[in-house]
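*Asks:* Next come the chains, spelled out residue by residue.
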Amino acid sequence: MSDVEKQIEQWRGGLSGSDTLAGPDIRELESHLREEMEHLKSLPLSDEETFLIARHRLGDPPTLDREFAKVNGNRRFLRRLSWGIMGALVYFAALTFTNAASALSIRLACLGGLGWPAIDTLRHAVRAIAFLGTILFVVWMYARRLRRHTDWSPQGSPAAPAFAAVALALGAVVSVGVRILVSQTAWRGAIGPHDYREPELWFQVHASILLAGLFVALCWRDRRKAQYQS
Amino acid sequence: MAVSKDLVAASATPLILSILAEGDSYGYAIIKRVRELSGGQMQWTDGMLYPVLHRLEKQGHIESYVNTAATGRQRKYYRLRKSGTKALAKQRNQWLLVHGTLQRLWEKKPCLT
Chain A
240 MSDVEKQIEQ WRGGLSGSDT LAGPDIRELE SHLREEMEHL KSLPLSDEET FLIARHRLGD
300 PPTLDREFAK VNGNRRFLRR LSWGIMGALV YFAALTFTNA ASALSIRLAC LGGLGWPAID
360 TLRHAVRAIA FLGTILFVVW MYARRLRRHT DWSPQGSPAA PAFAAVALAL GAVVSVGVRI
420 LVSQTAWRGA IGPHDYREPE LWFQVHASIL LAGLFVALCW RDRRKAQYQS
Chain B
3 MAVSKDLVAA SATPLILSIL AEGDSYGYAI IKRVRELSGG QMQWTDGMLY PVLHRLEKQG
63 HIESYVNTAA TGRQRKYYRL RKSGTKALAK QRNQWLLVHG TLQRLWEKKP CLT
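Residue numbers (my numbering), protein chains in the order written: chain A, 240 to 469; chain B, 3 to 115.
By construction, these hints were calculated from the structure, which means they are not laboratory data.
It cannot be assumed that every hint is accurate.
[Unchecked claim] Think about it this way: if two alpha-carbon atoms lie no more than 27 Å apart in a straight line, the pair counts; the simulated DSS-like pairs of lysine-lysine are: (1) Lys34/B <-> Lys280/A; (2) Lys280/A <-> Lys245/A; (3) Lys78/B <-> Lys309/A; (4) Lys34/B <-> Lys78/B; (5) Lys78/B <-> Lys280/A; (6) Lys309/A <-> Lys88/B; (7) Lys60/B <-> Lys7/B; (8) Lys110/B <-> Lys309/A; (9) Lys88/B <-> Lys60/B; (10) Lys7/B <-> Lys34/B; (11) Lys34/B <-> Lys60/B; (12) Lys78/B <-> Lys245/A; (13) Lys34/B <-> Lys84/B; (14) Lys88/B <-> Lys78/B; (15) Lys110/B <-> Lys84/B; (16) Lys309/A <-> Lys60/B; (17) Lys60/B <-> Lys110/B; (18) Lys92/B <-> Lys7/B; (19) Lys309/A <-> Lys7/B; (20) Lys309/A <-> Lys34/B; (21) Lys84/B <-> Lys309/A; (22) Lys110/B <-> Lys34/B; (23) Lys60/B <-> Lys78/B; (24) Lys34/B <-> Lys88/B.
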């Protein structure tokens with residue numbers, strides 16, 4: 240691949256991080272860029288220079304992002320919503336993983352003949368590791384996204400993982416909120432003291448199914464629209 | 003003399019509709035035509051054209067289709083629809099009215115002294 244092709248690919252990659260530019264929009268802009276470059280070839284310029292001029296004439300990505308938002312505003316909202324849903328799903332998945340890891344560690348510790356204080360310490364350590372793992376996963380996702388974000392990619396793009404992080408925190412707050420509410424109700428004798436984790440679990444399972452469904456629907460809609468436009 | 007950004011934005015719709023009234027065209031050719039007609043005085047940021055084209059398409063004034071050029075490159079062409087012709091007539095009347103009003107104001111007045 241020639242240097243200029245690499246630059247075009249990088250430019251395209253930067254644009255694909257945008258929340259408002261859809262696949263067909265980028266293809267149309269790329270076609271324009273190439274046409275402009277071909278036109279400029281009649282001048283005594285290097286390939287790289289024709290690319291730089293054509294790119295400049297097309298407009299910088301933050302401006303493109305802003306202008307396309309006027310017609311694709313819906314897309315920006317839905318993209319951010321799907322990032323938010325993904326964040327909440329990651330939270331629920333991490334919670335399930337934490338609980339499973341904790342239960343497994345207790346069972347293994349029992350089989351290993353460990354005493355209660357040791358088991359309790361182990362359980363907490365496993366929970367902490369699983370929790371930190373989730374945080375690291377989100378940071379990794381964010382960093383991966385940022386790496387693609389060069390000076391030439393739309394400013395809006397790094398915001399998307401931030402929505403996922405906010406949703407993750409929101410998922411945690413809602414989940415803990417449900418737990419506190421339920422334990423308070425349990426304390427008042429409405430439900431048995433040992434059952435109070437049940438409604439929280441019920442909430443997590445149902446919210447996960449609902450959010451996963453919504454996420455799949457959003458992705459499907461995105462794909463269908465891209466196919467229709469191309 | 004470069005035309006102000008506001009005026010460029012305001013004239014984008016009638017310009018696009020008028021160019022498409024001459025025949026089907028695609029983004030790059032539309033920009034080129036505007037550049038030629040204005041003698042390079044109307045500086046568009048090329049990328050701004052597409053959101054306007056997509057908005058006109060959503061409004062039903064124009065429609066698009068993909069055509070493969072002789073070079074093998076795929077281009078998205080735009081075609082004026084009936085409602086676009088009507089919109090263009092409306093725009094034309096409005097612009098002529100503005101133009102006429104300004105012209106009357108700027109006409110050289112006879113010297114009275």
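*Asks:* Compare the structure with each hint and give your call.
*Replies:* Hint-by-hint comparison with the structure:
| no. | hint | verdict |
| --- | --- | --- |
| 1 | Lys34/B <-> Lys280/A | holds (16 Å) |
| 2 | Lys280/A <-> Lys245/A | holds (18 Å) |
| 3 | Lys78/B <-> Lys309/A | holds (20 Å) |
| 4 | Lys34/B <-> Lys78/B | holds (16 Å) |
| 5 | Lys78/B <-> Lys280/A | holds (23 Å) |
| 6 | Lys309/A <-> Lys88/B | holds (24 Å) |
| 7 | Lys60/B <-> Lys7/B | holds (24 Å) |
| 8 | Lys110/B <-> Lys309/A | violated (42 Å) |
| 9 | Lys88/B <-> Lys60/B | holds (16 Å) |
| 10 | Lys7/B <-> Lys34/B | holds (18 Å) |
| 11 | Lys34/B <-> Lys60/B | holds (24 Å) |
| 12 | Lys78/B <-> Lys245/A | holds (24 Å) |
| 13 | Lys34/B <-> Lys84/B | holds (25 Å) |
| 14 | Lys88/B <-> Lys78/B | holds (23 Å) |
| 15 | Lys110/B <-> Lys84/B | violated (41 Å) |
| 16 | Lys309/A <-> Lys60/B | holds (12 Å) |
| 17 | Lys60/B <-> Lys110/B | violated (44 Å) |
| 18 | Lys92/B <-> Lys7/B | holds (23 Å) |
| 19 | Lys309/A <-> Lys7/B | holds (17 Å) |
| 20 | Lys309/A <-> Lys34/B | holds (24 Å) |
| 21 | Lys84/B <-> Lys309/A | holds (24 Å) |
| 22 | Lys110/B <-> Lys34/B | violated (35 Å) |
| 23 | Lys60/B <-> Lys78/B | holds (15 Å) |
| 24 | Lys34/B <-> Lys88/B | holds (25 Å) |
In terms of the numbered hints stated before, the structure departs from hints 8, 15, 17 and 22, listed from lowest to highest.
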